[in-house]
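Protein sequences appear in the order of chains A, B, C and D.
Residue 1 is where the first sequence starts when you use the working numbering, and the numbers rise one by one after that.
Residue 1 is where the second sequence starts when you use the working numbering, and the numbers rise one by one after that.
Residue 1 is where the third sequence starts when you use the working numbering, and the numbers rise one by one after that.
Residue 1 is where the fourth sequence starts when you use the working numbering, and the numbers rise one by one after that.
In short, the hints are calculated from the structure, not lab data.
Watch out, some of these pointers could steer you wrong.
Listed next, the stretches of chain C that the computed footprint assigns to chain D, with coverage defined by at least 3 CB atoms under 8 Å from CB atoms of chain D [what the hints assert, rightly or not]: (1) 95-104; (2) 152-166.
From the structure, some residues in chain C lie toward chain D, with a derived Cβ separation under 7 Å [to be verified]: (3) TYR169; (4) PHE170; (5) SER173.
Don't be surprised by glycine CBs; every beta carbon is placed ideally from N, CA and C.
There are 4 protein chains.
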Amino acid sequence: MDHLALLERIMSEVGPEIGRGRLADYIPALAQVDPRKFGFAVADLDGRVVGVGDWEEPFSLQSVAKVFGLALVVARDGERIWERVGREPSGNPFNSLVQLEHEHGIPRNPFINAGALVVTDRLLTLTGDARGALRTFLREESGNDEVDFDAVVASSEAEHGARNAALAYFMASHDNMDNPVQTVLEHYFWQSSLTMSCRDLALAGLFLACHGLRADGSRVLSSSDAKRINAIMLTCGTYDAAGEFAYRVGLPGKSGVGGGILAVMPGRGTLSVWSPGLDSRGNSVAGVAALDRFSTLTGWSVF
Amino acid sequence: MDHLALLERIMSEVGPEIGRGRLADYIPALAQVDPRKFGFAVADLDGRVVGVGDWEEPFSLQSVAKVFGLALVVARDGERIWERVGREPSGNPFNSLVQLEHEHGIPRNPFINAGALVVTDRLLTLTGDARGALRTFLREESGNDEVDFDAVVASSEAEHGARNAALAYFMASHDNMDNPVQTVLEHYFWQSSLTMSCRDLALAGLFLACHGLRADGSRVLSSSDAKRINAIMLTCGTYDAAGEFAYRVGLPGKSGVGGGILAVMPGRGTLSVWSPGLDSRGNSVAGVAALDRFSTLTGWSVF
Amino acid sequence: MDHLALLERIMSEVGPEIGRGRLADYIPALAQVDPRKFGFAVADLDGRVVGVGDWEEPFSLQSVAKVFGLALVVARDGERIWERVGREPSGNPFNSLVQLEHEHGIPRNPFINAGALVVTDRLLTLTGDARGALRTFLREESGNDEVDFDAVVASSEAEHGARNAALAYFMASHDNMDNPVQTVLEHYFWQSSLTMSCRDLALAGLFLACHGLRADGSRVLSSSDAKRINAIMLTCGTYDAAGEFAYRVGLPGKSGVGGGILAVMPGRGTLSVWSPGLDSRGNSVAGVAALDRFSTLTGWSVF
Amino acid sequence: MDHLALLERIMSEVGPEIGRGRLADYIPALAQVDPRKFGFAVADLDGRVVGVGDWEEPFSLQSVAKVFGLALVVARDGERIWERVGREPSGNPFNSLVQLEHEHGIPRNPFINAGALVVTDRLLTLTGDARGALRTFLREESGNDEVDFDAVVASSEAEHGARNAALAYFMASHDNMDNPVQTVLEHYFWQSSLTMSCRDLALAGLFLACHGLRADGSRVLSSSDAKRINAIMLTCGTYDAAGEFAYRVGLPGKSGVGGGILAVMPGRGTLSVWSPGLDSRGNSVAGVAALDRFSTLTGWSVF
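So here's chain A without its partners, still in its complex pose (with noise of 0.2 Å):
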């Protein structure tokens, strides 16, 4: 079956988990999502993206766009930012303050918000400008200038972003933090605003599934680099909920309280996929389930 064919049957298979779950209420620009997207894309190496559903519109990329920042950051400067991050599992949810004070204020690993607050720090004393990075990199992998910031939920991020703004003080605390705190929580909060659809995204980390290889040959990681960042991303890219998806979808994933999933199949494509409801662990509940269903269809699993 072809994948366009496949995404379609998957879609159909889904439905009655669409609409489920809860929106991210806690920042009120995504609590007005209509929950009733639904969008999937699947790209092969070679840069062919097809898709079904919403799959064109862009949706709010949240925690996804922390894999960029940290491939952006392990592309420029190398092994360097695991000194001040870790690489585990956490085991706690994303935003927990409770593990980072028993570890000194070095955060579990790059893709809960401690963490990824962290790569944000660095990437903007490497590049003077972390938002703006991020976004020029988002537009040159998926080929879309359109991709932009939110700014309503930029700044709806801001205001509810208190939780964020105790993590950044504490590490700074712990002498892990090199620049103002405010700056860097602007950055951050701007990053998460990114949007893009599926189509751009699954293009956007092709990457990752071609050994750090851009479709057209060029590099952007080395190829133990951009296994490496898959494997951070299988053991920790789904917030507390890790095992359950390696268990359920057996893909490196990087998910958002978007509603949205990056999942790579090294040496074969990449799956995108949006809806907006999220399961208790902040994944999205038809999202995860396409996944699942589409690695039984086809195989497509590490394991």
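We have chain A; now place chains B, C and D onto it with these hints.
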């Protein structure tokens, strides 16, 4: 033996402890205090005060100020503060975030930093000027109009106050801050910078020993509120060494990282001691030793 | 007003509280007690005791026994027990493993279950028969040779004692058990099953109110050891509600899930109360209310 | 390069790592193993196996046995075990009680000790002889009837097993043990004492690399169950270093404190390595280094 002779004997006995411990070096301005300082004063219910050593030299109140901030809020606002802060010993360091997270932004008691931030926030709402109200209160109770802030200490605290900022933002994320976080922090840092001598401190605390009354018979607090603040001092007043302090000294007490301690013997009087060297829990080494001796020699103990 | 009239007035006032709360249903034998029971007694330093309600009916001491086990060990062994158990409030439920793990098998205080297991282990080493020694002690102090174990409760505790077994094995893994774990557990369960009336209990605790002396002038403990046990009762005696109890009642106290509470007014006397309905922290609802009223009406408070 | 030449090269390259780290000295019988031991084997899907060093010498499986216990339970009982144990990385040491308490006696995953105790309990219920069933299984899969328990190690584990007893009793207190705690513990300790060589282990694990099939085509597990066990190995198989292992090695793996590691390359084969010196997380220092080199040199990685 009269009190003055007793204080002289104790100062002599605890001599070897003076200078032991470490200064509160996380606040640069405090790290420069002479570690050989030692002052000790006792006041009786009639407002007579005697002292030895450096008992008339002002020192930085730090957390000792928290007991007066709490008294001001309780005096004006009654029991309402207990909706926003608990009354239980924390069992954790004074600036811990762990418990605050488990308990959804409600600090365990008003003497850990998080709890004192809530009290400051409330005092700000009640008075419009939390730091000013506290200075006025301490001037009145001590009868010394020279009691004042130390601007160097206050700005030093602000510069090194990322941990307190983390606590305050975390509570804001749980809707337990009414005023803007940065404003509350500013008042909090200024309050901690208040300086008083042992003489001033022993006099200022007399209302707690006298069922809420001043030496002149006017009332600060109801009798039951005074008892309750003493109860909280006993169970929570000396960081995570409250059990040890109750075991050794047997009096309600409140310590600060400036090396000061106020202790209360209900119906008898107050003790204040200052010596900058701190033990691992942040209490004055020579100060606790002096109070321990006083309690043993006089039988002043609530037990 | 004399004490008897006062107790009668209080029993009437707290009537609406009697029967409120829930029984300790995790121990089947305790779940069958009549929830309407209420007894209240007061003893003075001369050994005179009066009481109201069910004050002469034996009830299950449960954790109230811990204060007598501790007194026995301190009387025989001095300060050595403090190498194996702390003296700080725990800030956690009485049977929590979390803190025990963080602190490497040293329980926070002798009144949480883990700490009482250590005290039992030590008493077993010192006497060869921990449970027997405790029964003898309580018979002597109360002057009642009928004080005894309740075999049904003891075996019920053993059957439902997996949590306590976990605590004991955990401490054994940290070399903080000298005797075989199963033996210590057996003595612990039997001790908890001791039954006494309010009358017996008020008399048995008098030495704590009287600086370590019995009414006849003979000595149980040194004066300073009696003060110290009172201090530990105040900071740690009522599970994770010690702060609340100090705030409301203002007396050293030790409660048990059988619904009993012993409270001590140093230099004045003892209070004992029993009513089986427990609040969410495991303290008797009507019992705490009665002590609160007594404290308010008489001024008995250490603060 | 053929596999044998490759293994020889790697053994030479990791020579400096052999003997580094510390032995598992909390089990006396393991502390006497020669720290210079090093064995390394690779098996392909056809059941061909080659090895170097001490690859034919039996060593103590310890936690490596857990993956086979889980496979047996899943093979007989399907998904039911997941009602009693989770599938998420723990983020805590393998024998931690903290998380178990927060999560009410449901272990985070089947490879931490608490989870393996639940699996053993279930295997005991299913077979009547958990340790015997596991020995039979390993003999069949390895084709070596000499695979057996080490009675000295088993009794050494039992003697030093207080922590595991604490875990088991704690789960019993949450009704998550069906059999008597002491019986489950005995089977658990015997299982951990099973000894196999690298040759045996590589062969015994082949069904995990081959979608649940043996080399002769007979089936141990369904294809999806094999994938799922691999997923759990990747996210949870190397104690609290699973993220690091995924990052460096990129293969599902299960380690034991005997110094052994089994790694699986789905669709290609298995690797087994043994060297007793452990890093701070309990994984073989030379073993991880050897797998890291193999992965780099061959491209065997799921990412």
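Problem - Restraint satisfaction for SER173 of chain C [CB to CB of chain D, less than 7 Å] - result: holds (4 Å)
Exercise for the section: Identify whether the interface hint at PHE170 of chain C stands, where standing means a beta carbon of chain D within less than 7 Å of its own. Expected result: holds (4 Å)
Handout entry: Assertion that chain D covers the stretch 95-104 of chain C - criterion: three or more residues, beta-carbon distance below 8 Å
Key = Since 6 is at least three, the answer is holds.
Handout entry: Restraint outcome when TYR169 of chain C is required to lie within 7 Å of chain D by C-beta distance
Key = holds (4 Å)
Handout entry: Cβ contact check, 8 Å cutoff: the stretch 152-166 of chain C against chain D, three residues minimum
Key = holds (count 4)
Every hint from the earlier list agrees with this structure, and none is contradicted.
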